[in-house]
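> These are the residues of each chain, in order.
Protein chains: 4
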Amino acid sequence: MPGRHFLQIPGPANIPDRVTQAMSRPLMNHRGIAFKDLSLGLFPKLKKIFKTERGTVIIFPSSGTGAWESSLVNTLSPGDAVLAFSIGEFSAGYARCAKNNGFAVDLVELPWGSSVSEALVYEKLKADAGHKYKAVLTIHNETATGVATDIAAVREALNKAKHPALLLVDTISGLASIDFRFDAWGVDVATACSQKGLLMPAGLGILCASEKALKARESAKSPRHYFDWGPMMSRNAEGYFPYTPATTLLYGLDEATDLLLDEGLEHVFARHARMADGVRTAVRAWGFKVLAERPEVESNVITTVMLPPGVDSDALLVLSETEFDLSLGAGLGPLKGKAFRIGHLGHMNDLEVLATLAGVEMALSRLGAKISLGAGVAACQKRFLDHPMPKKN
Amino acid sequence: MPGRHFLQIPGPANIPDRVTQAMSRPLMNHRGIAFKDLSLGLFPKLKKIFKTERGTVIIFPSSGTGAWESSLVNTLSPGDAVLAFSIGEFSAGYARCAKNNGFAVDLVELPWGSSVSEALVYEKLKADAGHKYKAVLTIHNETATGVATDIAAVREALNKAKHPALLLVDTISGLASIDFRFDAWGVDVATACSQKGLLMPAGLGILCASEKALKARESAKSPRHYFDWGPMMSRNAEGYFPYTPATTLLYGLDEATDLLLDEGLEHVFARHARMADGVRTAVRAWGFKVLAERPEVESNVITTVMLPPGVDSDALLVLSETEFDLSLGAGLGPLKGKAFRIGHLGHMNDLEVLATLAGVEMALSRLGAKISLGAGVAACQKRFLDHPMPKKN
Amino acid sequence: MPGRHFLQIPGPANIPDRVTQAMSRPLMNHRGIAFKDLSLGLFPKLKKIFKTERGTVIIFPSSGTGAWESSLVNTLSPGDAVLAFSIGEFSAGYARCAKNNGFAVDLVELPWGSSVSEALVYEKLKADAGHKYKAVLTIHNETATGVATDIAAVREALNKAKHPALLLVDTISGLASIDFRFDAWGVDVATACSQKGLLMPAGLGILCASEKALKARESAKSPRHYFDWGPMMSRNAEGYFPYTPATTLLYGLDEATDLLLDEGLEHVFARHARMADGVRTAVRAWGFKVLAERPEVESNVITTVMLPPGVDSDALLVLSETEFDLSLGAGLGPLKGKAFRIGHLGHMNDLEVLATLAGVEMALSRLGAKISLGAGVAACQKRFLDHPMPKKN
Amino acid sequence: MPGRHFLQIPGPANIPDRVTQAMSRPLMNHRGIAFKDLSLGLFPKLKKIFKTERGTVIIFPSSGTGAWESSLVNTLSPGDAVLAFSIGEFSAGYARCAKNNGFAVDLVELPWGSSVSEALVYEKLKADAGHKYKAVLTIHNETATGVATDIAAVREALNKAKHPALLLVDTISGLASIDFRFDAWGVDVATACSQKGLLMPAGLGILCASEKALKARESAKSPRHYFDWGPMMSRNAEGYFPYTPATTLLYGLDEATDLLLDEGLEHVFARHARMADGVRTAVRAWGFKVLAERPEVESNVITTVMLPPGVDSDALLVLSETEFDLSLGAGLGPLKGKAFRIGHLGHMNDLEVLATLAGVEMALSRLGAKISLGAGVAACQKRFLDHPMPKKN
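Residue numbers (the working numbering), protein chains in the order written: chain A, 1 to 393; chain B, 1 to 393; chain C, 1 to 393; chain D, 1 to 393.
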């Protein structure tokens, strides 16, 4: 099909050319001298992106699901109880990962569209006087719903309840798109991956572990080998990996982290906030609802759009891909057929946001939805003009 | 700047990824055995694109200006008279190229926005009873104005006037975007280049010469070396070039011609017609004028948009590039500051057209033009929905 | 450093340009329609490469170590006994992976340079009348020593001993370089990865599982989530993956498997045999020893060269990398400093083999080794001339 | 064919990956704001490479032959007499280019293998008391023979003869491989191109013109348009080009000039000298002759090797390409079938030189030449070890 594809799913996004080119560089020896410069340069940049000084960053050849598994098997022993909150498919998935790895998951299921409130966390932990929960699992940005949770408030709930559980946070679709503060928020293990805000294709699971998490690892008895932090940390210290790293992906990550830090994280966040604002303005102009329960928790990374009865979101996705070369995210779980998701993350500009909205409008119109062509585009244009991109320093 | 650039100038357009990749292949020996397959495969495909069986295709490492020069020095002798029509900067440029190469140019200057009519050509040739004109220079698609000339009609004028002059046609921005028929239209030399409908960056000047043109070359006394067809034809026959060819560009051209012929030329033309239609519909929705004197001569490759007084098109270009990552074409010559040009050629899809229009709207709005945001986008969306892309066979 | 690097480690090898280009293609939606074609096309090709009709191929975003882990946790229950043979670092690693995942490993340690004999396997299994061993772990090509084990013979030993244990085979550095026959050899789980004979960078762990292994999975109680075959198989059946796949690596694998199958597996094996023969001929011409205990078990993928006393192989690696842009493999474990490894796998030609040998000679000479410059090169040249590459069909 | 091609022709050479990647960057608007930075950054770097402060650099989309033509039509008037020296196909070609462009060429033909001596130039110019010669055409490095001419000495001859002719020097295969000093040697027009020492594929003709040459242009009456310096200089001054530039090639040239200047020109020259020395040492070890008439004029860019009777160099080229993936240069003109050329220029390392020599040895052996396999390789290895690469500053 002629022209450029618009990959507006909730990650991965379109890869910046500089990152693609970096991944095309000839392979180097992952046990050689030159490799060391690559890896030793990479970790400090990732620490900046996690906003941590005390954390330890670990990179696995894996998807984000692998990062989840690693966060659990390194810190817990078989049968350990964990408290988890389901607010969408991915927070539920983290809990399922814990269950499948042999932990006793106490799962609090909330309606899709909710975020996890400080009050709820406090209540659950307060009730656990015996400290059976060894960890609290939560999600920074729920990719299935487009809801961001206030992790600082979750940490506050732990503190208030004086509960010693580890705080494990999935920031897979949050990191490097919306603000994340590993140290300031007292996170114990943050899980991320390459294919979201980090501007890369999938293939790398990335974690950040606190000193408390590292200490927990020493006594954690879960069987582990591939996702064990121990050999990683000792080999990483010298600039190497215990088994063959995905070198081309590390090349890309090196370039992508340069792009992000050169732009400046706060600018990256402001840019995402602006794109999200433009998209949500368009959704409202269409007369549709954003799923997130209230504006404060709307994600700046993805927007879940509720469709009126009679418009099938699965049909919308097929049509937008085949007729308009536009990939959107499906409504998942209870939202199947009823909602779709627009990814507005990564290296995108105003015109790409507007093209996406224009494509959604045409596909909706084609499906018979009552929609005024151009209405969302116009609303977003106005919003963008009224709120120009902040300048970089 | 994050995101993808929109290169909506009147050529070059965005390069398809497959073409970029082809140009990245390792160099081969241009005197080796493998090279022969590349070049011998290329010429027949270019002949299909020129719609010729009797023509000879020649490729130079040069821009389109080099193709002009080559069309002249191979067919004319110093001081020969040529008849040329100026309807914009590029038709005027072809004439200037002839003048600088030592030919006696009789230049008919028409207002920008005009096409060259059969009647006018007939009149000029009829008046040349002594057949002093050795060639008629004309342009298929004037890139400065967005006007297409009916070359079949021009040929008809030559026939009617029974004039033996060679018909030299610049189809630099026409070929492979709008229909061009070398044989059917009795063209003697067609000049083209890589960076327009052929989906490539600049660097190759491409010509097609008729048997009559080849015969003219035998007696043409203009000094020539670099752009001489003779050594090209004899070496090309064996699959080689008389001097080092631009191999990476030939790789790209090989891939690009595959893309075009796989899509089918008629589909390529229909796609361009549809994109142009969408853009012109938007321009009308904005309340602006397209420069072309009448709808029949509007180009399907580029559209020149006249701006209302008080809106400076040069300022528009600066703003669209710097704020919206959108490159547009300037108003040239008499249109400087008063008009701008939108390129809608090459490998583009609906969403890219709409993004371009959305960007133009925002930039115009920023400059204070009276424009209803989204109006052009909506008009184009409707047009696109009402006229879906024809299916490929 | 000017010029091309020679990456002659025991994998990954230099990536073919076509594969690099494939990995640079724009990302597609891994939940979209187009993706299905990619993945559904890939599995049948991998089955051809494993030489299986009855096996099920599964691909993880991971290194080969992940494939090991997956082979174990899907087929075994906590505490299960397995029989393993250590003949080098990687066979020992597979056993360690089993131990760390909570299985009772009975490890038979053989000298480095050995292969695993049918007799030994038979003896161990015969002694296990109670069938406590649930699996036998072995390695097709030991990357640390350059020794190939006769897997057909190992299977024969199981058969002869009438032992029901699963046969788990690491063919990480064997597959697609030397002959591997999943069906014919009765393998239950074969583990492989992208960065060896499959011509790719690291990032994909690849397994093939027999019906018996799939059946074992149903009762295997090991906790598993990331490396679980279940969700993979059900989603793969429709052309998708349960979590985000490493799409760019799948693009590359798609191209690489085309390259291999277009060349023909038997030709690939013959080419590797010839390269290995050339290298070993050179080693003998230098007067050095190949580690493998006897010629029949010498690997066609890598050669471990024993250095004479006084020549430090670690120094050799530093020197060859920094002065001659040549990466070689280190002597591992007991061979540290005493041996080095030459990788001769993947897309290599005669001149690259000879350049490698020339580089080794210069580096050895620089280190004061008694070596006649050019002697190994000459021996290899002669061998290559006497044994030209077999023609492809 | 598996493995990497060895492109050891006398240019183009293998393109460095960084340059290939630069050429793959998305196109920018050649009339836009960002373009200016690219072009204004390029010219000063090229001036450093020409070693000029007073010269003006001009870049055409063309091959080197176009640069020849440009050097002539800008400085001469129709019928002007020029003195030229033929010492091989390319110096003869420059003269032929002058003849075809309408100048009166006085051609001194010397045996292939000769350089142009100061004495000869002096003699010819001294005899031209009436100063009919408006220009002296000479070649810095004759690509057909591998002979370098002492341009400083040629300038000295002009000075001594007090002859006002312009000194036009073809440094197409010399620039950026062997020392060239535009200012110090009093060159008036130097012609170069992208595909030799400048590390690029073909497609750009590059010239450097002295103030005297620019002054000559003002009165030079040759018809010219495409290759005219006037519009180039006026547009270049603002960072633009009069017609569409070959932007992707400019991207590459920008990167390639960075590579060269970062390495340091003197190091580049030393590296070429060392590679050439290694190759010539091998040729002598084979018992063959280098064509150049004496060691002082041997080129450090290419070596022409004379074959003994009975060994056909054309057969050698076919065999080396088809069997060993090695491209060599043919014997041209009188040397057809009797000699072949090895290119040793650009981004090459020791192992690539040795692989080339090893390939030549095998191909020669296959053709029945009396040659001791490995002999040339060994001689070159020894030479390389005895003369390690000088360190960069």
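Source of the hints: derived by calculation from the structure; they are not laboratory data.
By construction, the Cβ of each residue, glycine as well, lies at the ideal position given by its N, Cα and C atoms.
Treat each hint with caution, since some may be false.
Cβ-to-Cβ under 7 Å is the rule here; a few derived chain B residues that face chain C [what the hints assert, rightly or not]: (1) Q21; (2) P26; (3) D183.
If you want the ones that stay clear, here's a sample from chain C, every Cβ over 12 Å from chain A, calculated [to be verified]: (4) A34; (5) A165; (6) D258; (7) M306.
> All hints are to be evaluated individually against the structure, with a verdict given for each.
Hint by hint, here is what the structure shows:
1. Q21: OK, holds: Q21/B within 7 Å of chain C, min 5 Å.
2. P26: Result: holds, 6 Å to nearest chain C Cβ.
3. D183: violated, 37 Å
4. A34: Since the minimum Cβ distance to chain A is about 7 Å, A34/C lies within 12 Å and the statement is violated.
5. A165: holds, 21 Å
6. D258: holds, 19 Å
7. M306: holds, 20 Å
Going down the numbered hints, you'll see the structure goes against 3 and 4, while the others check out.
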